[in-house]
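Enquirer: Below are the chains, spelled out letter by letter.
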Amino acid sequence: MPVICVNKTYGLLAFFLPAIVIITSCGSNDELENRKSAIPLSNTLESVFTSQIDENLLEPLPSPLQIALIFKSAGLTFQDSLTNAFSNASNYSTTFSKLLNMGAYSSDFIYHVINEKPNPSRNYLKVIQELASDIGFGQIINTKENITRLDNNVNNIDSLAIIISDIQMNTDQHFRKNNEHLKGLVIFAGAWIEAMHLAIQNNGFSRNFNIPKALIDQRDILKRLLKNLHLCRGKKQNEKLNELIAHLEAIHTRLDDLHLESFEEKDFSENKKEMDSLRNTIQAVRNMVIHS
Amino acid sequence: MKKVFFFIAILIAFKLNAQCNHLKNKEMKEMLGSFIYDSSRETAIKENENAQQIEFELLLFKSNMYKMCWEISELPPNSTIKLYEKTNNGGKKIIFNSETTEPDKNFYSVVLKDISRSVIVTYNIPESATGGCVKYVLGFSMKNEIKQEKNPKARVKVN
Numbered sequence: 546m547p548v549i550c551v552n553k554t555y556g557l558l559a560f561f562l563p564a565i566v567i568i569t570s571c572g573s574n575d576e577l578e579n580r581k582s583a584i585p586l587s588n589t590l591e592s593v594f595t596s597q598i599d600e601n602l603l604e605p606l607p608s609p610l611q612i613a614l615i616f617k618s619a620g621l622t623f624q625d626s627l628t629n630a631f632s633n634a635s636n637y638s639t640t641f642s643k644l645l646n647m648g649a650y651s652s653d654f655i656y657h658v659i660n661e662k663p664n665p666s667r668n669y670l671k672v673i674q675e676l677a678s679d680i681g682f683g684q685i686i687n688t689k690e691n692i693t694r695l696d697n698n699v700n701n702i703d704s705l706a707i708i709i710s711d712i713q714m715n716t717d718q719h720f721r722k723n724n725e726h727l728k729g730l731v732i733f734a735g736a737w738i739e740a741m742h743l744a745i746q747n748n749g750f751s752r753n754f755n756i757p758k759a760l761i762d763q764r765d766i767l768k769r770l771l772k773n774l775h776l777c778r779g780k781k782q783n784e785k786l787n788e789l790i791a792h793l794e795a796i797h798t799r800l801d802d803l804h805l806e807s808f809e810e811k812d813f814s815e816n817k818k819e820m821d822s823l824r825n826t827i828q829a830v831r832n833m834v835i836h837s
Numbered sequence: 360m361k362k363v364f365f366f367i368a369i370l371i372a373f374k375l376n377a378q379c380n381h382l383k384n385k386e387m388k389e390m391l392g393s394f395i396y397d398s399s400r401e402t403a404i405k406e407n408e409n410a411q412q413i414e415f416e417l418l419l420f421k422s423n424m425y426k427m428c429w430e431i432s433e434l435p436p437n438s439t440i441k442l443y444e445k446t447n448n449g450g451k452k453i454i455f456n457s458e459t460t461e462p463d464k465n466f467y468s469v470v471l472k473d474i475s476r477s478v479i480v481t482y483n484i485p486e487s488a489t490g491g492c493v494k495y496v497l498g499f500s501m502k503n504e505i506k507q508e509k510n511p512k513a514r515v516k517v518n
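Chains as they are written, first to last, in the numbering used here: chain D, 546 to 837; chain X, 360 to 518.
Worth double-checking, as some hints may not be accurate.
Claimed, not checked - Calculated lysine to any residue pairs in the SDA-like style (CA-CA distance at most 25 Å, straight line): (1) D:772 with X:400; (2) D:722 with X:386; (3) X:445 with D:767; (4) X:385 with D:708; (5) D:662 with X:393; (6) D:758 with X:448; (7) X:421 with D:619; (8) D:722 with X:405; (9) X:388 with D:719; (10) D:772 with X:481; (11) X:421 with X:441; (12) X:385 with D:681.
What the hints assert, rightly or not - Pair by pair, the computed Cβ-Cβ distance ranges are: (13) X:476 with D:780: 30 to 38 Å; (14) D:836 with X:446: 40 to 48 Å; (15) X:389 with D:815: 45 to 53 Å.
To be clear, the hints were calculated from the coordinates, so they are not data collected in a lab. The beta-carbon is built from N, C-alpha and C at its ideal position, and this holds for glycine as well.
Starting from the given sequences, assemble the full structure and let the hints guide the process.
Expert: This is how it looks when you write it as structure tokens:
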């Protein structure tokens with residue numbers, strides 16, 4: 546008899562569980578916003594990360610490599626002093642800070658690779674793998690093999706871009722198979738913030754009108770990132786995630802303050818105050834990331 | 360008998376919660392040819408009595424050229440894939456239609472050049488279609504020119 550009861554229970558579970566998962570996975574943004582205020586901040590990050598999210602509800606985002614190459618083609622030059630120091634990696638002790646800084650180091654890695662700086666690139670790759678290993682997916686970045694590939698293709702930008710895109714492909718597939726889209730989004734947020742920092746702090750920023758224009762183009766990406774983060778957070782509020790969202794929303798507000806028409810006319814003066822404000826906000830958010 | 364019921368329930372459950380067979384990296388690279396991988400998406404299609412339309416928007420950058428590929432081996436019969444470019448006046452212009460394109464085995468692909476801002480991908484699934492899946496892979500090239508590929512599946516060689 547007990548065996549029959551177990552079978553029946555499993556049968557019913559098997560029948561209803563997917564429907565329950567589908568119903569509870571995601572709500573619309575409005576629904577989530579309405580629920581937010583009534584929810585206490587008691588969820589652990591792990592419970593937020595393990596939420597089941599349908600990938601198709603998320604807005605597609607471009608890869609950090611594409612973002613970096615857009616800034617490079619806009620004329621962004623290399624400035625070593627702007628990247629996050631390797632030595633900071635040992636300070637990141639939580640899953641959240643490791644994910645965010647995996648993203649930041651990924652942008653630094655790409656920045657070095659596309660500017661043909663092989664030695665630091667190797668070290669950045671090692672740091673990224675160490676952080677990834679600490680949080681359980683180090684296997685997706687085959688450091689040894691990729692360093693050999695980097696060494697063999699030092700002066701071939703097309704080939705170097707393919708090495709980075711292969712890592713991106715592995716990462717995307719890993720989060721897809723494990724339904725860990727939020728982890729992927731936190732890494733993306735770290736990478737995006739670092740890319741914005743590298744662009745706006747660059748010495749050539751105010752001399753090249755294409756860089757601010759490329760920076761303003763990032764507004765739509767940020768909008769999508771925020772929408773995805775809100776969706777994934779859902780009703781499972783978490784302090785760290787809320788803090789990240791608030792910081793990104795501050796950048797979005799600063800980007801909205803800029804007058805696009807002046808950039809078309811190649812006039813910086815009208816936007817000086819707003820641009821300084823954006824620079825300060827990005828600096829503050831980037832500091833939050835690398836000191837998290 | 361109860362074991363049979365349990366087995367059927369599991370089957371139904373899997374059918375309701377449609378899953379995709381994940382694309383392998385090698386397949387994605389072959390689809391993209393010389394383009395650099397940017398992103399991908401798997402859309403599971405659930406069994407439904409009514410016709411379904413699934414739509415999403417992709418942000419693109421004018422300075423880049425893109426290749427968009429779909430793997431359709433699990434796409435329910437008579438489904439269509441359409442790609443539109445958003446126009447400045449708020450409208451949309453069709454730039455790919457699977458109804459008027461022959462697939463290459465299980466793939467469709469389109470190269471996108473000078474796209475102003477974004478494209479809209481639409482999957483139309485007919486009524487009473489069985490569940491399935493459709494996957495896309497997006498690649499980009501910084502050079503705004505079409506590389507002449509002797510073999511369309513060839514890529515830049517990386518040792």
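Enquirer: Taken at face value, is the distance from the CA of residue 405 of chain X to the CA of residue 722 of chain D at most 25 Å?
Expert: holds, 18 Å
Enquirer: Using the Cβ atoms, figure out if residue 836 of chain D sits within 40 to 48 Å of residue 446 of chain X.
Expert: Holds, at about 45 Å.
Enquirer: Could you grab the alpha-carbon distance between residue 772 of chain D and residue 481 of chain X and see if it respects the 25 Å cut-off?
Expert: holds, 20 Å
Enquirer: Mind checking the alpha carbons of residue 722 of chain D and residue 386 of chain X for me, to see if they're no more than 25 Å apart?
Expert: holds, 16 Å
Enquirer: Is the hinted pair residue 421 of chain X and residue 619 of chain D satisfied, with a Cα-Cα distance of at most 25 Å?
Expert: The hint holds at about 12 Å.
Enquirer: Does the structure keep residue 421 of chain X and residue 441 of chain X at a Cα separation of 25 Å or less?
Expert: Holds, at about 20 Å.
Enquirer: Given the proposed pairing of residue 388 of chain X with residue 719 of chain D, does the C-alpha separation stay at or below 25 Å?
Expert: Satisfied, since the Cα-Cα distance of roughly 17 Å is no more than 25 Å.
Enquirer: Given the hinted pair residue 772 of chain D and residue 400 of chain X, is their alpha-carbon gap at most 25 Å?
Expert: Holds - the C-alpha atoms of residue 400 of chain X and residue 772 of chain D are around 17 Å apart, at most 25 Å.
Enquirer: Can the restraint linking residue 662 of chain D and residue 393 of chain X be considered satisfied, given a maximum Cα separation of 25 Å?
Expert: holds, 24 Å
Enquirer: Indicate whether the distance between the beta carbons of residue 476 of chain X and residue 780 of chain D respects the range 30 to 38 Å.
Expert: holds, 33 Å
Enquirer: Are residue 389 of chain X and residue 815 of chain D spaced within 45 to 53 Å by their CB atoms?
Expert: holds, 50 Å
Enquirer: With the threshold set at 25 Å, check whether the alpha-carbon distance from residue 445 of chain X to residue 767 of chain D stays at or below it.
Expert: holds, 19 Å
Going down the numbered hints, you'll see the structure goes against none, and every one checks out.
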